Every structure is written in structure tokens, then in C-alpha cells.
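Q: Take a look at the letters that make up each chain.
Protein chains: 2
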Amino acid sequence: MAHFISPSRRVRDTPFTQGVEAAGVKAYTVYNRMLLPTVFENVEFDYHHLKAHVQVWDVSVERQVELNGPDAAKLMQLLTPRDLRKMQSDQCYYMPIVDNEGKMLNDPLAIKHSDTRWWISIADSDLLFWVKGLAYGLGLEVNVFEPDVSPLAVQGPKSDELMERVFGSSVRDIRFFRQKRLAFADTSFIVARSGYSKQGGFEIYVEDGQYGMALWDALFKAGEGLNVRPGCPNLIERIEGGLLSYGNDMTMENTPLECGLGKFCKPAEGLDHIGKEALDLEASKGSARQIRAISIHGAPLTPVRTSWPLMRNGLQVGQITSAAWSPDFGTNVSIGMVDAGHWEAGTELSVETPEGPREARIEEGFWI
Amino acid sequence: MAHFISPSRRVRDTPFTQGVEAAGVKAYTVYNRMLLPTVFENVEFDYHHLKAHVQVWDVSVERQVELNGPDAAKLMQLLTPRDLRKMQSDQCYYMPIVDNEGKMLNDPLAIKHSDTRWWISIADSDLLFWVKGLAYGLGLEVNVFEPDVSPLAVQGPKSDELMERVFGSSVRDIRFFRQKRLAFADTSFIVARSGYSKQGGFEIYVEDGQYGMALWDALFKAGEGLNVRPGCPNLIERIEGGLLSYGNDMTMENTPLECGLGKFCKPAEGLDHIGKEALDLEASKGSARQIRAISIHGAPLTPVRTSWPLMRNGLQVGQITSAAWSPDFGTNVSIGMVDAGHWEAGTELSVETPEGPREARIEEGFWI
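So the protein sequences, as listed, match chains V and Y.
One point on numbering: in numbering that gives the first Met the number 0, the residue at position 368 of the first sequence is 367, and numbering is uninterrupted.
One point on numbering: in numbering that gives the first Met the number 0, the residue at position 241 of the second sequence is 240, and numbering is uninterrupted.
Don't take every hint at face value.
[To be verified] Chain V is faced by these chain Y residues, among others (derived, beta-carbon under 8 angstroms):
no.: 1; residue: Lys25
no.: 2; residue: Ala26
no.: 3; residue: Gly246
no.: 4; residue: Thr320
Since the hints were made in silico from the structure, they are not lab data.
All figures in this text were calculated on a predicted structure; none of them were measured in a lab.
Don't be surprised by glycine CBs; every beta carbon is placed ideally from N, CA and C.
Full structure from sequences and hints, please.
A: This is the structure:
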């Protein structure tokens, strides 16, 4: 049964909410205490459209944590196992953030403005509080706060075309996970080639919410003829693409190594960070579980609300954390955490879904 | 226009969700990344029933932050301006938690198990991350984590009667903001006389979610004849009673002195805490704004979604953060933050609501 969401100031609107609601958003989730659209037409329609055309997404919920001050770079490196020493100031880095036990606190994208000024574009946890606590406790000279920045994403195969119409042709020169500051009206925004889909596109870091609707309107006006539509991260497409969701597929119970993020946790000479000892130990011993792409056979399943047990020979060997019917692949695509000894590709398991037990198979990789 | 909420694992169910949904919950909000019911019959029906009978509330969203270890008491006192030195182990303390600039990070209730073990029952922010960051940064010997504890509240004038039927007559001896461990089935729970209404009642700290539905069912079975119903924090009743909501009426932009919490921030010999300097300075200079009870004239208003400007002689002098039509008081009751020089009781202001400008008046106090 479907339930309504009650309005309140505590669940924050975004600078684009007016446009999102005028466009007929049907459902929301709450992410970082802010509204995130989840459905416009319906999840399948939105999915097909995203893969064929171009969409504008209100992803303001990707709040920024700004680190500003002489110790900003030092604190940034303490936060993550990823080596930031060679990061250039036009790069975006995906980076796991872990506590002293190596457990995931967030999996954000970082933007480096300079050695003394960084943004962390966060997933769904109040990373601000962890960073503020560390800065205070360690006596570091750095201000940590949430600036007035709300990302708007443009995603889909026609993203370059739409973005060029608003920001000019230089937008096409931005490489993957790089960013550039581009003019808009009487201001400018950081524009990155990034986003939470595998269809290509950009994220525009809208500084000062007052510009929100002007940018929203400019994109839709420029997109006439491109079949531009409002959209949002799409459950089916992101599972097919193996885009993990913090809070769904990984939580504070998990380490980045369990989540397939080992390549961002390589030990390096002179590199120190919080949680290093725990991650090094896990790397040498091996992980107890790993995230896998898993196809679940049979008719389309409804979304995961509480994790579904993965069974083998009557014993639980893991859990499914996200699932959706994929029209393009003709199966239920899913993401699951599987115990050591059971995660080999081709392994046949069963899943206890709310609609009864289903046969499932561990895939070689995601559906890309 | 009303919107649906999309299900996902990231927006967590509670140990009582099964009961809540079987009872016909109509709407939710998300609080601490978990479902919090907001409406059963309708907000006015739920309000009248709460004031006359007894309700069972799923307030699992009041997650606990446990501090456990030799430095737990030291860290607890650093967190809050409230003097904890005389706190007894059966007491519950409401305590503002501020950062080093004296800004509110949360306004939880603390429970002291012993000098080395505390729970903080949190409002809507990941206080866990702040406390973990401090513990790490300061090198304290204390474990900080979220235990498997989900509060269930029993609220309303018949609360003592219902609770006695489940926990025995000793529940009546629990004084206001005191707690006692009482037996249930083959376990026991901490039961406190507390809760987010002014109608009296208890909060049961359910340890181990597996006991959730057994307790839920036991309360409804015992409440036959008492007109027990499922309920939830009620917007109208909590505004009438002046129960502030973190994220609505106060945010990280505010200090506890602005929020009328000065009595929990009294400087004392030998008392030190994070943010002391900022709060002492504000106490000596006076606050820039203050929370007030404000009645808004005219027809019933819809809930606040983004704050409504409070105007006086054409200038903005504050904002309304929560509002609801009160059937019992025949006016729109509201909570607002008002700038210095404009907050005297009796001051006439106007409010820019989504339904147009309305006349308003600052009240002596809340509607209790």
C-alpha cells in the first residue's frame, strides 16, 4: 500500500522544487533531510526515456560539505583511503569515507577548489557532523560547513547537446570526472561530467539557490526539440549499471572492500588515513562478504524495502539490498551482499522475497 | 498536492512498522532515515483522541547513540552546556547539543545507565557522527554506536492505566523524566515517564527489535476498553504545548539561547563544554532572536513547508516555522523565531503565508 509524505520545513524543499512539482512529480524519497524526486511518469517510462533522450534531475540532496582553511587538505586525506596527493584542481574523485574501524560513513564525490578549499558532495548521511567533530577534536585550522550549493544533473545521451545550448560549446571539452567553471546569467557554476547514471551527462553545482529556477527554466527552454524531461536517479538503470546506493547496498556495517571499492583503498608509501589499520588487515585476510550483481528469476518483483535473505542449501549466505525488473534485460536485476565462499559467478542461490522464494544467480558483473 | 513516498531499504522500517501499517497509517515523514507515522485517521481526529484517551506511538526514529567506556561521562559533558554532574542514574535529561560556535546540532534526551554507559535519544540529525568524530579526534577511550533500541511511546491521559495493565502497578511510581527497568515477556525494558506530548505518558526503550510486535500487540490487547489507538506526534498538540522540533523550529543556524533553552545553559563553577565561550558571550550581549508562541488570525492554514516571513512595518523581523489550526483554541497556533526588538508579548505582526498575508500576535506563552 502506498503512503503519502507529510510536508514540513524539516524535510527541506530544494531551489528546484517549484519546477519539479509543476512538472508533475509523483513520488519522493527523503535524502539528507531533503526531498528527492523518485517518479515522474512511472519508473519504467522514466527509464526508457533516460536511455534515449535527456533528463534534468534535481539532485540538490547531494549536499556539499565545504572544508576551508590551512588544514583542509590534511583533513581531507585523513577522511579517505583514496590517495589524494596527485588530485588536480579540475578533478572529481569518488572516495569512500570510513571510520577508525574501516566502516563506511559515506561514499561522496570530492571536488578540489584548491589545497585550502574542498567540497565533498555527499551521499545519505550527515558527513558534516563527522568532519566537524574531527576538525574540533584534532584542533585543526579549518572551517567545515554546508554552503548554499544545490546540484542539478543533466543525464542521458543528448546531454552534451542540451548543455551546449545553455553553457556553450566548451562544455563538450570537459572530460569524465573533470570540472570547469562556466558562465550562467550574471554568475558562474562549476560543471562536472559526472552523475548517477551510466547514460552520460553533467552535474551543475548551483551556487546560491536563487538561481535555481532560472537554470531549470533555461534547460527546459533550450531542450525543446530534444524531448527533454524532468527525471531522477532511476532504480532500474542504476542497478543495471552497478551504481551502489549508500543506505541501501552498503551501510555503516560494511567496509569499502566488501563493497568492491578496493581500488580506492590501495596502501601507498607515506599515505595515512583514519581506518587504515582495519582496512589493511582486511586486505591481507580477505573480506567476509562482497557485493555482487545477482539476477533473480521469475516475474517482476516490487522494490526492496527490507533486505531479502539469500539462501543456499537452507543456510543464509547474504542478502539482496536493491532489486528491480529490467525491461531491457528481461530479468530482475539486483544488488546483494554475499558471504565468502558463495560469491563466485554462476553460483545458484535462492532469495526469500515478500512474494515467496525465487531462484537467483550470481552474475559476472553488472548489466553494462 | 500530495505526494507518495517511495519504499527503499535506505528509509528504514521499524520493529513496529507491521503493526503501524496494519492499523492503517495514512502518511509518513522520514526522521533519522527511518519512517515516522504522521497521520492515522486525520490530524484533527488524532489530536482529539490523544487529549481524551491513550495512544501507542512508533517513535523508533528516536535512535540511541550509546557512549560506552571509561571516558563516556567526560565526553557527555563536553557535548552539552547542561550540567550533568548531579544527574542520577534513573534520570532523563533534556539537553541541547551545540558545536564550538554554540549552534544547535541536536536536542536529545539523555539516559544515564552508569558513569561509563549512556544513551542519547536523538532528534533529527546524525549526532552519532559528531560524537564519533569527537571521540576519535580527542583520543577518548569510549565506544560510540547505535544500539538496537527502538522507543515505543504510550501517550494520553489514560497512559498510566494502560501501562499498568502491561508492566504492573510499579509503573505508576515512575516520576516525570525518571526511568525504571521493567519486565516484559522474558526480557526487560527501560521505561521512562516522558514523551513528545503534553498529555502525559511513557516511552519504552525496546531493546532488540524482535520484541517489537509482541509489545505492540500486548499494548493493544490490554487497551481494549480504554479506546487505545495508534498515534504519532501530533502537529497541533505539539505546537499548542510549545514542543520544539529540531529541523523545523530550530536548526544549526540557531543557538539554544535563541530557542528558549537558556535554563539548560547556565554557567557553573568548573563546568566546561564545547561552545561555552560562544554561549557565554551571547548570554552577556543578549540574543539576536528568540522563539515565540504566535497566534495567526483568520481561517485554518495548511502546514509550514518553507518558513513564512514575519513582517512589521514592511520589514522582515522573523519567520514562522510551524503552524496548525487549533480546534480547542480557535486560532492558528504557531512557533516563530522573532528578531530582538520585536518579540514582546502583544506585538502585532503580519505573516506572509502561501495563502496571502495574515495578521498575527505574539503571545505570552504557549497554549497550555
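Q: Provide an ascending list of the numbers of those earlier hints which the structure does not satisfy.
A: none
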